[in-house]
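Trainee: Single-letter residue listing:
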Amino acid sequence: MMEGRPYKFRILEILDAGEAMWSCDVVRKLQEEYKMHSNYQRDCLNFDLIEVAASGMISETETKIDEDGSFKMNSLLVRYKITPIGKNLLDELKSKVKPMEAR
Amino acid sequence: MEVDEKRLMTHKRRVKIGYTMALFCALFWGIWYVPGTFIWNFDVVNYFQGAIDGLSNIQVDTLLGSGEFVASNKAFLAAAVLITGLNAAFVMLAYLVWNLFLGKEKFSEMKRSIKEMKACTKYYFLGAICGGPCAILGSFIAMGYVGGAFAAVAALAYPVIGTLLSATWLGQKISRRAIAGILIIVIGSITIYAISLFEELQAGGSLIGYIGGLMALFGWGIEGAVAAKGIDVSEPDVAITMRFGLETLIWWVIAIPALALMSIPVYEYAWRMISDPVILLSLVMLGLTFGFCYVTWYKSFPLIGVGRGQGIGSLYGICAVIFLILFIGVDAAIGSDITHQASLLVGAALCTAGTLIMFTEKTDCVECLRDTGESKEEES
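So the protein sequences, as listed, match chains F and C. Just so you know, the first sequence maps onto residues 0 to 102 in numbering that gives the first Met the number 0. Just so you know, the second sequence maps onto residues 0 to 379 in numbering that gives the first Met the number 0.
A few of these clues could be false.
[Claimed, not checked] Below are the DMTMM-like pairs computed for lysine to aspartate or glutamate, each with C-alpha atoms no more than 20 Å apart in a straight line:
#1 C:Lys228 <-> F:Glu31
#2 C:Lys114 <-> F:Glu32
#3 F:Lys80 <-> C:Glu366
In case anyone wonders, no lab produced these hints; they're calculated from the structure.
All chains, full assembly: derive it from the sequences and hints.
Mentor: Next up, the structure:
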């Protein structure tokens, strides 16, 4: 439902869909969907995740260092899950967004 | 490096970026007062009064020379609207360049966000009304009807409103240490203008001037909280561009055409100001300084919260005085009176103390800005 909508809408939906996810996987999924393949765009999307986490909508469950450089060499990878207030915000957003074809 | 150490460092870095953004906001806001003061040298108030009275510019020049010409409130308000409208338009130009620099993806995200009126754009529309026609115009009204010091003090107390709203409406956590830091900065900033404020209040003001002060206080305070609500679901760069786009529309589609219908030559003077190279340079400086002050203000909210962002942002009071002293000299900026200079020093010391109290707060207090509701979920 949130595909093609602002990044933070989609971040909440991706993390609401299942179990906790690693930041690198969320960012890769967003990069694919929004066709943002450069390293700069990857870092921008990762910063959006950090902002959403700081606001309390998602929370950290685990952390590790990217030692093999599959995402970004020696960077911190965080496993996130959606929080109850994040779920409430997502429900609120779902009730407010118009169906894609109606826009 | 251990994972825990790296994690702690990442959080510290985020908080540091947040405080740096808020500090840059104060610096840019302070610098803004230099072109902001200079722009009034283009005597648009008196020429508007001349137009209202049906006089030619030559007649106004002659009357100004005789010292008998007095401009009315209507002319002052019209000039304030035109200058604020030009300020907003030049901020928008600065944002177009800024977003081009950030990459074309920002424009795509802007397009996606604009479509979500109910979910996010409405907050920026509200922010544009609170920050523009309410706060900036209110500040000008307070300046004109009571005095510059009153206007500054009224606006400087805005973090109190922002902090209260962010805690009650947004549910953002704020530590006692941060509250103490914010209050000390606000008291310090007010102290800087205390003597001038006392003189202005003794001289008496008008009710409309005090209402203007309240408009600035509540306008900027509410804007911060409303913007933070929108930034929960969109990017700060996108948010601020939409907010100023909407403010520019409010001035140039509603307010300025309304003045033109009242036979005030707003378009003529807007063109004259843009055609004058020195005034044009001042307008560009206004756009750049106010634009980046707002960018950094909005960027600080998701990283350190509205209260902390606004608290550090209100250091603009001391920054404005410092930059005005640097550009126009001590006497013109604060006067040669020793009491004014003493209040500046006491205020500056309090601002520094408040800032240090906030900067030295443990970063784990700022790790997450809200109670996530996870503890309640676990209990049940």
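Trainee: For a C-alpha distance cap of 20 Å, please report whether F:Lys80 and C:Glu366 respect it.
Mentor: Within the cut-off at roughly 16 Å; holds.
Trainee: Would you mind confirming whether the straight-line C-alpha gap from C:Lys228 to F:Glu31 stays at or under 20 Å?
Mentor: violated (28 Å)
Trainee: Check the hint pairing C:Lys114 with F:Glu32 against an upper bound of 20 Å on the C-alpha distance.
Mentor: At roughly 18 Å apart (the allowed maximum being 20 Å), F:Glu32 and C:Lys114 satisfy the hint.
The structure does not agree with numbered hint 1 stated previously, though it agrees with all others.
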